[in-house]
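Student: Here are the chains, one letter per residue:
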Amino acid sequence: MMKKRKEIVQPQLKGELQDLYKNQKQHFVNGDPRINQMREDAIAYFSEHGFPTQKLEAWRSTDIIEDLKHDYKVAMEPEFDSVDTEKLFQCEVPDFDTALYKQLNGFFVDWQQPLTKYDNGVVIGSLKAAFQEYPELVERHFGRYANYRYNGLVALNTAFTQDGIFIYVPDNVKVEKTIQMVNVTQDENYSFVQYRNLIVMGKNSKMSMVQCDDSTNHQVSFSNVVSEYFLDEGANLDHYKLQNLNDSSTLVSAAFFEISENSNMSTNAITLNGGKIRNEAHVKINGRNANADVFGLYLVDKEQHVDNEVFMDHAVADCTSNQLFKGIADDHAHAVFNGQIMVRKDAQRTQAYQNSKNIAITDKATINAKPFLEIYADDVKCSHGATVGQLDDNAMFYIKTRGINEDDARLLLMYAFAAGVIEKIRLQPLKERIDDLVKKRLRGELSVCDQCVLHCSHPEKSYTFEIDMDKL
Amino acid sequence: MLTIKDLKVSIEDTVILNNLNLEVKAGEVHAIMGPNGTGKSTLASVIAGKDEFEVQEGSITYMGRNLLEMAVEERAREGIFLGFQYPVEIPGVSMTNFLRTSVNEIRKHKGLDKLPAADFIKLMNDKKKLVEVDSNMTNRSVNTGFSGGEKKKNEIFQMAMLDPRLSILDETDSGLDIDALKIVAHGVNALRREDNATILITHYQRLLDYIIPDKVHVIYDGRIVKSGGKELAIELEEKGYEWLKTHEKAL
Chain Z
1 MMKKRKEIVQ PQLKGELQDL YKNQKQHFVN GDPRINQMRE DAIAYFSEHG
51 FPTQKLEAWR STDIIEDLKH DYKVAMEPEF DSVDTEKLFQ CEVPDFDTAL
101 YKQLNGFFVD WQQPLTKYDN GVVIGSLKAA FQEYPELVER HFGRYANYRY
151 NGLVALNTAF TQDGIFIYVP DNVKVEKTIQ MVNVTQDENY SFVQYRNLIV
201 MGKNSKMSMV QCDDSTNHQV SFSNVVSEYF LDEGANLDHY KLQNLNDSST
251 LVSAAFFEIS ENSNMSTNAI TLNGGKIRNE AHVKINGRNA NADVFGLYLV
301 DKEQHVDNEV FMDHAVADCT SNQLFKGIAD DHAHAVFNGQ IMVRKDAQRT
351 QAYQNSKNIA ITDKATINAK PFLEIYADDV KCSHGATVGQ LDDNAMFYIK
401 TRGINEDDAR LLLMYAFAAG VIEKIRLQPL KERIDDLVKK RLRGELSVCD
451 QCVLHCSHPE KSYTFEIDMD KL
Chain H
1 MLTIKDLKVS IEDTVILNNL NLEVKAGEVH AIMGPNGTGK STLASVIAGK
51 DEFEVQEGSI TYMGRNLLEM AVEERAREGI FLGFQYPVEI PGVSMTNFLR
101 TSVNEIRKHK GLDKLPAADF IKLMNDKKKL VEVDSNMTNR SVNTGFSGGE
151 KKKNEIFQMA MLDPRLSILD ETDSGLDIDA LKIVAHGVNA LRREDNATIL
201 ITHYQRLLDY IIPDKVHVIY DGRIVKSGGK ELAIELEEKG YEWLKTHEKA
251 L
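Taken in sequence, the protein lines are chains Z and H. Sequential numbering of the first sequence, starting at 1, is according to the numbering used here. Sequential numbering of the second sequence, starting at 1, is according to the numbering used here.
Bound conformation, chain Z alone:
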């Protein structure tokens, strides 16, 4: 007898988005013929496949269909009138002198100056403006690394791409300041937000950047973010994602990296809070002697859900990659890690490592960690490991015998666990800031409104810890 699989019905939003694309084409199909055609193909792909469902292996542990069944507003144009954007984006990192680029619900905010052009040739700003001002550059890279056939969300994002952050670093240029791109999701309505980032780094260029996704209220939202990164020969990218969203928000943030010979990249996804967050890092190592580090830290509690997907593609010989993911799941939270290392036939002398370590605080918390190696070359060094554990009873006892109470001992051990990923942060002020945020998060003091001046927060619980964790 055939086993009947439960039919998954696509949300109404799917049809609405297809109609919206058809009716609002002037927003999308207006530029380069290749990209226009790609949008058409992408929406056709989306119409056929819809949103990714749990029937897909890569989405088995993460259901977004239910989250898409709300009545969302899809904004076609920026709406900045009701918001004081100056106040909204005040950065609280004291010694962190960054070049800040702001987005509200996926739209670039500073319309007085949509593209900043620096003397050294660096261009940073709105992707929408770059489509107009740098059509050749955008054409050369857009959609080349994020394949819309990857899934319905990437296809949808590709078809609908309007705005996001565009960064171009010319050959041999080292960007001194850290680039910080902040997207704030804030609307009175349930909002469906999409944006697209395109980062192009020339030969032997260097840059560090922080990509923040924040919410400032408790409203429901769904964000579909796709970022493309191209690193030419010898380029060096130090990239961080910092996510602090409310418990009603869903974020799918997929990053596609293509890196060339002698290049070096590091990406570190730090998930402090969010209802449902999925991070994807697709790395194609396409030139020899390149290195890719992919790190992640996630702290989830209540009913939160976090999913990290990594696809590390060693296409050529003599490259190295490292993956380290650490997460703590409390209450009924659910954490997922799926890491795949692909070593292709010609990728001899590859060294690829992967490690996923998780702590389940309660027996109601769920962790699914699945490492996966696919190796077609014979001279390689690869390893993977995935652990799910509890806080060490012996360590708890040890700390308590020094006069420290149960809650503080637990906090100390959770922090000690997370420190392994925090140590990987190379930007000192950011490291201190994240260190501080992680401590706040573990103490239960972090609010989604932590950086917001609107003072609309309603913290559910307040904790007091005696422990002095200022400079642990």
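Among these hints, one or two may not hold up.
[Claimed, not checked] The calculated label-pair distances, taken between Cβ atoms and stated as ranges, are:
hint : chain 1 : residue 1 : chain 2 : residue 2 : range
1    : H       : Q56       : Z       : D363      : 24 to 32 Å
2    : H       : G64       : Z       : S383      : 51 to 59 Å
3    : Z       : G385      : H       : G175      : 26 to 34 Å
4    : Z       : D363      : H       : L68       : 25 to 33 Å
If you are wondering where the hints come from, they were derived from the structure by calculation, not from laboratory data. Small disclaimer: the values here were computed from a predicted structure and weren't measured. Idealized CB from N, CA, C, for every residue including glycine.
Following the hints, complete the assembly by docking chain H onto the known chain Z.
Tutor: Relative to chain Z, chain H alone:
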């Protein structure tokens, strides 16, 4: 200071300590010796408050209070210190801040204010000198990457910092070379006062060449079968634990 009466302790239906009695007075150093697996470490853990052991019968009184009703951290704040046989590594937490938290918790319990940073550093430097530990140890994460000897010295250093009333050192001498052993012994001797007490748990008589105990107890099969002065340790060393077993049968 500490009175243990008719103590019966089990773990998962296996009785480990049975009918154990012990009296420790202020100013005394007691050595508890015995073969492996006879319950020495269990006794240390039960006094410190490890909850995997079940106390089925008997009582432990500490400073006139029922110790068994006190939480692990409360026992520590009331002056009980356990030096671990296998100190735990806590990566990411520096020794300095771990100790500062610990010292301030104990001070708070005594109704004292937090120790100002400068005073804390001075205290740490004084105690480092007293127990002869390396100054760089305190900059490292708790026990992380420490050698066996460093971990044991670190236990003595913590003991010095927390200034306990009753210290229980569980096999602190095991795995130490003679130089490290001397440092540990020197630390214990330096901290010895009229108003505190120490219980040394050891398998070998060697440590007792450097720390002279007031009383020696031999634990066998979950209870103290013989008590005496320091000469008992020497006798035990000469005749071996086999002697004890025949002695036990004869009893």
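Student: Let me make sure I understand: some of the numbered hints might not hold for this structure. Which ones are they, in numerical order?
Tutor: none
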